[in-house]
Every structure is written in structure tokens, then in C-alpha cells.
Amino acid sequence: MANRLHRLGRSEAANGLVLVSPPAIFAVLLLAAPLGLLFLYSFLTDGYLTILWEFTFQNYRDAWSDPLVRTVMLRSLGVSMMVTAITVLLAFPVAYFVSFHVRPDRKSLWLFLITIPFWTSYLIRVFLWKVILGYNGVLNSGLLGLGLIDEPLTFILYNVNAVVITLAHAYAPFAILPIFVALEKIDRSLLEAGRDLGESDLMTFWRVTLPLSMSGVVAAVLIVFIPTIGDYVTPQLVGGPEGRMVANIIHLQYLRLDNYPAGSAIAVSAMVMVTAISLLFLFLNRRFLRGRK
Amino acid sequence: MTAARWFKMYALGYLVFLYAPILLLPIFAFNDGTIIAFPLQGFTTKWFSQMFGNATLALAVKNSLIIAVSSAVLATCLGVFAARAATRYTFPGKGGIIGLIMLPLVLPEIIVAVSLLGVLLGLGVSLGIWTVILGHVLICTPYAIAILNSAFQSLDRSLEEAAYDLGESRLSTFRLIILPLVAPGIVSSLLISFTISLDEFIIAFFLAGTEPTLPVYIFSQFRFPQAVPAIMALGTILVLLSIMLLAIAEYFRRRGIAKSGGKDTGGFL
Amino acid sequence: MKRPIIELENVQKYYGDYHALRGITTTIGEGEFFSLLGPSGCGKTTLLRTIAGFEDPSSGVLKIDGKDMDGVPANVRPTNMVFQSYAIFPHLTVEENVGFGLRRDPRSAADKARAVQEHLEMVGLKGYGKRAAHALSGGQRQRVALARALILKPKVLLLDEPLSALDKKMREQMQVELIRLQRQVGITFILVTHDQEEALVMSDRIAVMFEGQIAQLDDPETLYRLPKSRQVADFIGTMNFLPAQVLSETPDGFEVEVAGLGRAALTARQAPGRPTGDVAVGFRPETLTILYEGQQAADRESPGIVEEVVYYGDMTYYDVKLDGVAAPVRLSMRNVFGRPVLDRGTRTRVAWAPGALVLFR
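Residue numbers (the working numbering), protein chains in the order written: chain A, 1 to 293; chain B, 294 to 562; chain C, 563 to 923.
Possibly wrong hints are sitting among the right ones.
[Unchecked claim] Calculated lysine-lysine pairs in the DSS-like style (CA-CA distance at most 30 Å, straight line):
(1) B/K339 with A/K185
(2) B/K355 with A/K185
(3) C/K674 with C/K688
(4) C/K692 with C/K715
(5) A/K130 with B/K301
(6) A/K130 with B/K355
Keep in mind that the hints were calculated from the coordinates and are not lab data.
All chains, please: the whole structure from these sequences, using the hints.
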């Protein structure tokens, strides 16, 4: 018996489970359970300052029939998709450059330089975009000074454009890193083989490099798309009234109106939409990759 | 001009785009004018001196430091457990469990914030520094795990077996061999978690109750145009501080990999 | 037979559905240099790690020095291991590595330091004590690993492919040193290797393993000259096979008809499996000799034609198609001074001896 216990104590699975349990329990209590509760709240009735245990779909009906909520929700999706597309497209050449054209001992430095802005004072960075894009901002005064425009541009602040630019800036490193990792994993002799077999550089990129880096691109898309939809600070600071996004209404429902069920229903709706689109994207991507093989 | 040159030009341009806002920060921090716009008004250091003696700011700094230090320590401890389990063992449900722990990496912070708020208020917990710490541990742990994973992964498993074979117990093996070898990763994880927590706004905004943290204070000041230049000064200091912490973190991360004889694959993630 | 130090009785190991060890029963003697030889995945490393205590056998009995090891963890077994990657602790110095296992030793610090110096000297690393471990070359790491294991005076030293990471020259040098070291300390060494030459050079006895079982356990010479199966024969060195038929069993052996060679009388020893009917006859390349003009075979000879010539400097390998056989046989000739290398297509005669043949199923 003692032997059996001894063996059990030493078994791989048991050791692993014991080790992982503190962070796992923490995540269950403070992440899984709260998310479950959020889901539950979205089906309950708001009793003004209390929550009534009456099951209802009314919150969802309200959320989706309210033109304001609907507009903001669709806008958030549109902004997220646009930010994702811009970020990933702009990031790919940078990741490609660092992976293929930077000396190996310099790669860490480049990655470090790329990641630094991401970690530093998000709030102030967003605020500074306001300074850059504003009526008397850096961009306008620069363009005026160069004589390229006669009066300040106004379509770049307090609207969706400003939100897209600012978010694209904030999530840039998130897009670069996964693509870089995928590019690094590509065996360089494959590219030589491609060229050796008579393909041009461009065709080698198209037929070898791009398909092999697709996993990184997919990761980049998801890691940018999912969090951006819930961004609060950027629309709040540079979005103006017509740049509001879903996080701003969730905040409104929760902290201003104290309507948890309504806020939860909006949050759940947003998450369901994001998940559905992400899954659709993954599915289409898989089809695309299989189609090429 | 070769393709490589074009790529380099593009990458440098991209870096300028990345750094543009940060580079503006010191310009306005030393600008003698309350409006944050061009043209500049002249040189001053008064925005820096204004910060000292600001009681609310001092309280916010104090709160933020308590929160950041606690979150960094707790997240790193949890990270050590998870990273060790993930790199060394196979167990049922591994993918799901690790996936759940890593989920905050992609989950919008507002979702984390409101779901936690719902539970805490439902339980009747009063909001304050501790509730912010709980939230911050949740979002820092995935980053800690990412860093520690690379530290644990570059660890040759036969090193542990060798120590065990030479008569040490599992616990003393961990203390004598594993811990010293992953120590740089732990330092790096502490610093990164500290930086993330110090900078985090949404969760603190929802969960801090009436206690101000640094980002919450900064956000509140944006409403008052006359307060903004002082925020630029504060921001300058914060950015310098973060860059310093990150540089130290990067140094330790690389040293850790070199120490255990691994190969640097670059980057925090 | 020497006093047994390790006794294995029907040791089985499963990893889920995978049957890694299929009933290992054997005894390893005190002071023996014992090798486990086999291709990757044959279970040799699993067996070594089972002896070390890193793996628990699924069933069966393992005794070390007469004591049952069931439930005895690796850190208290009287065995120590030299790892394939050497597992030198990179954050410690050479001295700290060698003295690592002495932490719980009750001896005084001075005594321990002396033991460390002695063992460094023993492996030829005198004066290297203060060096950082990560600054050592492969061969030096190997020596540190040996000193670190031997300082604990184990009853058995386990070596997991210790030479596979070294280049050819270094490997040959370390082979000689390991033999010297083993004689000096006099304890049992168990070596895991996939390199048949290494096993032949170093071992007192070799266990050849395939698919979780010991296919043959013998001293190097017997193993090489009289392999029990075609699988073992193929794995150790090169062996030619020719189809043959058993014509009759004589009082002291067999009468066989071999394609290309003709009739031959074999002793019972040459047919370990006692096969009958359609069989195969095997022989090593060096047991055949090309006969030049005017030379006579000491025993028997067969005519053939040179099909391929491979020149190695000190040796030349010939593939010769014997008359009446479709596949060529390989033979090796030392390039002694004045002996010409034959061209492809040359007609020749090949000398052979019935005593060098082995009969297989």
C-alpha cells in the first residue's frame, strides 16, 4: 500500500496537477466563475440597485433593439476589423525585415525596441495622439507649415479615424511578434530550394514564405482583433461622440446606470460576436490553406 | 536600392510611428504653456516641481506601488507553478487549464473588470487596493508564464535527474538547481508584471473604489486642461522608469537563457 | 561467475499501450563492464533508467546488491549516472559540480575538498577546479560528469551514451580512458550505446537488445563470431548471407549445401539455432580472401567475378559475384605493400573456410 501511494505521489499526472493547481484555482475563482456570473447576470432582471432572480431574455432584446447600442456594436466590430487589417498589414514587412534582414545578434535589440512603446504608459500615449491629431496638433501644424494644406484637417480627431489610428499604434507589437516567431521557424533552406527550383523571389515568397508564416498571421489577427473590440480608453479620449465603442456603453451601464444585467448582456453579445467571427476566420483560413496544398 | 534597404527604411519609419507619441512627451513636459499644442511657448521645469506636494498624486503613487509590487510577486509565484507544470509535466486537461490561465492575454480588459466587479459586489466585498491586486494578478500571470516558460524550457531535464541521482530530494533539487537557473527569468517576470500593473487603467478604474491609482489619477486629470502639462511631466518620468525596468528585465531574461545554455529566440512573448 | 550485483527478473515496462521492456531477465556481475547495445527505441535507455530509479518497472523484480529496489527512489540507490548531455550544472564551478553529491556527507569540509581533488586528478582534470562549468569542452564535461558520479563510490556506474556527443578522435580516446578508469575503481559499469564498435571495444559482456528484449548476451568475441540470429548479425558489423540447405545431421554437426560455395561440414556450435531445411549461411567479409595468381587456398575456394571495388586506404572492400549466386558477397582485404587492387570485372578465386560459417534460420 505504501508503495502504491509512493508511486502515485511520483506519477507525472499527479505531480503536474498539484503544481498547476494554485494558478488554476485562482483562474477558476477569479476568471471562470466571474465570467459565468456575467453570463448569468445577462439573463436576470434589473431591479434598480438590486438584481432580481427572474430569468429573462429582455436584456438581449433591449440591447439589440436599441439603435444606439446596435450602432455602437457594429461600429466596434468595424473598427476592430479595420485596426486588425491595418496593424497586420503594416506589421508583416517589419516582422519580415527583422527575421530575414537583421543580423541574428541584433534581432533581440530590434524586438526590444519594438516592444518598449507597448509597455509604456498607455493612457498618456493615447492622450498624445490627441495632441498629434488635434486642430492645433503636430500633424496639422506640420502640414500647414509645409504649405500642403490651407486650414487644419478636422476629420482626424474625435471620430472613428482617430480611434483606428490610435489603436493600430497601440497594438502594433502584438501583431509583429507572432508573425516574427512564425517567420523565424521557417527553414531557410526551403527558400533556397524554392529559388533553386526556378521560382522568382516574389513567387518564392508567395508559394513558400507566406503559407508557412500563416500561423503567425492568424495568431496576430486574433490577438489584435479580440482585445481591441473591448478597448475603453482610446474611444473615450480620441473618439468623440461618434467614435464610442462597446466598452464605453458597458462602462455606462455598469458604473453610471448601475444596470448589471443590461451591461452584461451587451458584454456577452460583444464576446459572442467576436468569438463567432474569430472562429469563422479560423475556419476560412484553414480552408484557404488546404485549398493551396 | 536593394529590397533589403527598402525593408530597412520601412522598418525605421515604422519605429518612428511607434515612438512618435513618446518623443512628444518631454517636449510638452518642458513647454511653458498650459495648452498642449504647437507652437511651443518656451522652456520651464515648473510642471515637474508642481508634482511634488500634490497630495492626491502622492497617494495615487503610493497605492500604485503597493498594487504593482503585490501583483508582481503574486503573479510571478503563480507563474512559476504554471510554467513548471506546463514545461515539465503532462497531465489530463493540460491544454484547457493552461488555456484558461492564459485567457486574460486576449480577453478585453473591460470584460475581466466587469465580471470581477459583479462577483466582488455580489459577495459584498468592498472595493479597494486588494480588489485591484486580484484583478492585476489575473492579467499579469499570463505574461509571467510566457517569460518563465522560456526560462524553464531552456532547462535541461537531465540536470534535475543528475541532482536527484546524486542524492538530493526533489525539493532540494528545486532549490539548488532549478531556482538558481531560472532566477533571471523570475526577476524579469517580476519587472514586467510590475510594469504592467503600474500602467493598467481599466481594472483599477472599475475595482479601486475610491482609492486612486496612478493611471486613474492621470485619467481624471485629462478633464482639466490646466492639469495636463503636469501630467506630461509625470508621464516623462513614468516612461523613463518603464524603459529602465524593461531594459533590466530584458538583461535578466537574456542572461538567464545564456546561463542555462539555451539559445535566445528573442522577445518577451 | 562473479558475485551478482544487479539481478533482473522478468522486468516489464509499459508506457500506456507501448511495451518498452518485454521481460528482461539477466544478471550483471560485480566489477563487470557491461554494455546494452541496440538501435534507438530498443529499450536500452529505459532499462538503464529503470536500474537508476528514474523509471518504475511495470512488473518484475530488480535487485541491486541483493536488495529489492521496489520503492527505493533514485536518490538513495547505490547507483550513479553519467548522462548523455553530461548534465553539468552550469551555474557551478567544476569543483562544486564534482562535490555536489557530498552535501549530506558527514565528513569534514577539508576531507571533502581532498576527495574532490583526488577525483579531479583521477579523471585528468587536476587544476581545473575553479573553472566555470559552462566554459568546458565536451570531453572535459564528460570527465567532470565521471568524477561527480564516482566520488559517491557507487556500486554501479550507469553511462547513458556518454560518448555520442564527442567527435571521433575524442571518442576513441575516452573509450580507452573509461576502460582504465573502470579497472582502477573496480566497480560495475553499465554502458548504453548504439555504437557496436564502442561496445565491442569496451565491454566484458554485451546485451544486444531489440524491441524491448535481449536478443543475445555474450562476450564481444562470441557475439561477433557466432551471432544467434540474422538480426544480431546484421546489427554487429557486416555479414554476408547465402542461401543454403541442410542435407543431413552428422554426429558432430551438419552437412550443408551452400549456393556458390558448395558442400560444407559445420560443427554444432556453428548453428546456435539448430535450423533444418532451407537455411541461410552467414560469414564475415574478413573471413574471405582473394586468391592472386599462383596462390592456393588453405582450405576451400570458389570462383567469381569482381563487381564493385571500394578503396578505403588501409583496406579495400570487394563485392564479388560468386558463380551461381545472384547477389554479390562482400569481402575485405588489407592493402599490404605490393598487393595490387583489383579492377571491376576481374575474374578471381575466393578462399574461404567452413569453420567461419554460421548457420541461420
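Does C/K688 sit within 30 Å of C/K674, going by the straight-line distance between their CA atoms? 16 Å, holds
Are the Cα positions of C/K692 and C/K715 separated by 30 Å at most? 23 Å, holds
Between the alpha carbons of B/K339 and A/K185, is the straight-line distance 30 Å or under? 51 Å, violated
Decide if the proposed pair is consistent with the structure: B/K355 and A/K185, CA atoms, cutoff 30 Å inclusive. Violated. B/K355 to A/K185 sits at ~44 Å, over the 30 Å cutoff.
Check whether the Cα positions of A/K130 and B/K355 lie no farther apart than 30 Å. 29 Å, holds
Decide if the proposed pair is consistent with the structure: A/K130 and B/K301, CA atoms, cutoff 30 Å inclusive. 29 Å, holds
Violated hints, listed in ascending order, are 1, 2; each of the other numbered hints is respected by the structure.
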